[in-house]
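Q: Chains A and B are the protein sequences, given in the same order.
According to this note's numbering, the first sequence is numbered sequentially starting from 1.
According to this note's numbering, the second sequence is numbered sequentially starting from 1.
Since the hints were derived computationally from the structure, they do not count as laboratory data.
Be aware that one or more of the hints could be misleading.
Claimed, not checked - Here are some, though not all, of the chain B residues that point toward chain A, as calculated from beta-carbon distances under 10 Å:
| # | residue |
| --- | --- |
| 1 | Y82 |
| 2 | F119 |
| 3 | S127 |
| 4 | T233 |
None of the values given here were measured: they were computed from a predicted structure.
Built from N, CA and C at the ideal position, the CB exists for glycine as well.
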Amino acid sequence: MRRRRLRSERLITLLLLLPSVIAVAVFVYGFIGWTGYVSMSNWNKLLPDYSFVGFKNFLKLFSHPRFQIDLRNLAVFTALFLTGSLAIGFLLAVLLDRKVKGESIFRTIYLYPMSLSFIVTGVVWRWLMNPGSPQMGSTGINLLLEKLGLGFLKSGWYTDPRVGIKAVAVAAIWQMSGYVMAMYLAGLRGIPEELREAARVDGASEFQVYRYVILPLLRPITLGAIIILGHISLKIYDLIVAMTGPGIGFSCDVPAYFMWETTFHANRFAQGAAIAVILLLMVSLLIVPYLVFSVRREAEV
Amino acid sequence: MRAGRRVPWQRVVLYLVLVGFAAFYLMPVYVLVVTSLKSFAEVNLYRMWDLPHSFSLESFRKALLGGFGYTGLAHNFVNSFYVAVPATLASAFLGSLNGYVLSKWRFRGSNTLFTLLLFGMFIPYQSILIPLVQTLMRLGLYGSIPGLILAHTVYGIPITTLIFRNYYATVPKELVEAARIDGAGVLGVYTRIMLPVSMPGFVVVMIWQFTSIWNDFLFAVTIAQNPAVQPVTVALNNLAGSYIVEWNVQMAGALMAALPTLFVYIFLGRYFMRGLLAGSLKG
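All chains, please: the whole structure from these sequences, using the hints.
A: This is the structure in structure tokens:
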């Protein structure tokens, strides 16, 4: 009797999960498989052509100058975006943790960019980083720098191919560093004051307290932040669309942008799918170990 | 006495740094607000940091209703609401069911299933875009608002499931057991125990989903290219990319596109934060 009840209840729970499981199975895993298949096909025109060509699209891609630039840009962007966001986020969290008056106002100001879309950010920063011209005078940030007597810091920003993607990274740091601050601040609040006190009693300087007590305790948060920022970074697309486009000599281009353009403008579906597969592999390398580890560790507790 | 008189230099520097960063974060909003309040006659790139001399709402009117040679964003706002509201509700409901089962009715393989679901939250959507377009075309949903709703609902399932699972994990097992002894089944426990305490969970999930759907660009630009169904992010990007649209109108459009999620953040910030932290897998 009880057993029958359990069994029918088991069935109901599975039925509750079923719609989502089917949807994710099809829309995530099925579609990824489909994209993988397209990436090995000959579909480089408007109408589908699923004839199998193996890794041809991938080989072509890796010897494609634009894609090589994209990979380099992505590496530069990711490095800058991660270090910038982590450093600023940590600094702000440490400062705010020092019993600051008006803490919640500062916190609100630092975090609000997180609630905006990358499109809004891109539209504003495009104007802020519009360098102006030598004949007509500076505009945007350059103008502000001039007014502050910091004219030597002026730059061509995204219009200068040597800067290019690095200018986009500044806008991305502006948007996401508050998020890192929020994560670190939550972490710092979880560290009991006695631990710091004990280190100070042992003669540690304030710097040493952070270096040897606080930072190691915050390591899981640093890891989490790297994972979150890392996958956002690898997928960055909207911000570039709204702020710069591919830029002069593809100096602002990234794989995600190339993918969309080659797929939906040039109808090179197989090439687009190949880029998508490479993006997915990069994100998976970052995410899968973390996911498996977190869920497993939680299950052990 | 002397210690009391000493200027606390450390505190001064601390506040200076904090205020300096606040200025950095507020700088774009300053430009947005100041520029969109200027009249066309006053808009000048070389004076972009100056305050407006006179107060004009002209640029907001043009951004909403359109001007010479371009259409405004008014109907795109409506489109964004038509997409975001149903997709938010649907994905929140599904996430609540999944979270309930995965936290209170674990079975062999449920953790693996959960991990497989979560993976869907991190994938670059480029890797599903081509099949998505093909499928929506075949379903007759391509280029339509229901198509966008479907995409946002399905790809919202992982994050809503995660947040609800962590949330329901905090509901004591004893409550569930007690209801079971009273004869409640799977659905009874859900409607009598879980749903009544779910409100905060729903608020967190719905804020998160509304914000990310409102702010989405990739799905919108891929699925809803047609101006009649474009959400506001796509329309704003087109508006800002057009050379005939005045700069102050672009800024007014950007400001208005930001307002709904900004309001949510300012008035429900506490819940917004919880969603953020849940997004990093911490329960």
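Q: So, for every hint listed, does it hold in this structure?
A: How the hints compare with the structure:
no., hint, in the structure
1, Y82, "violated (17 Å)"
2, F119, "holds (6 Å)"
3, S127, "holds (4 Å)"
4, T233, "holds (5 Å)"
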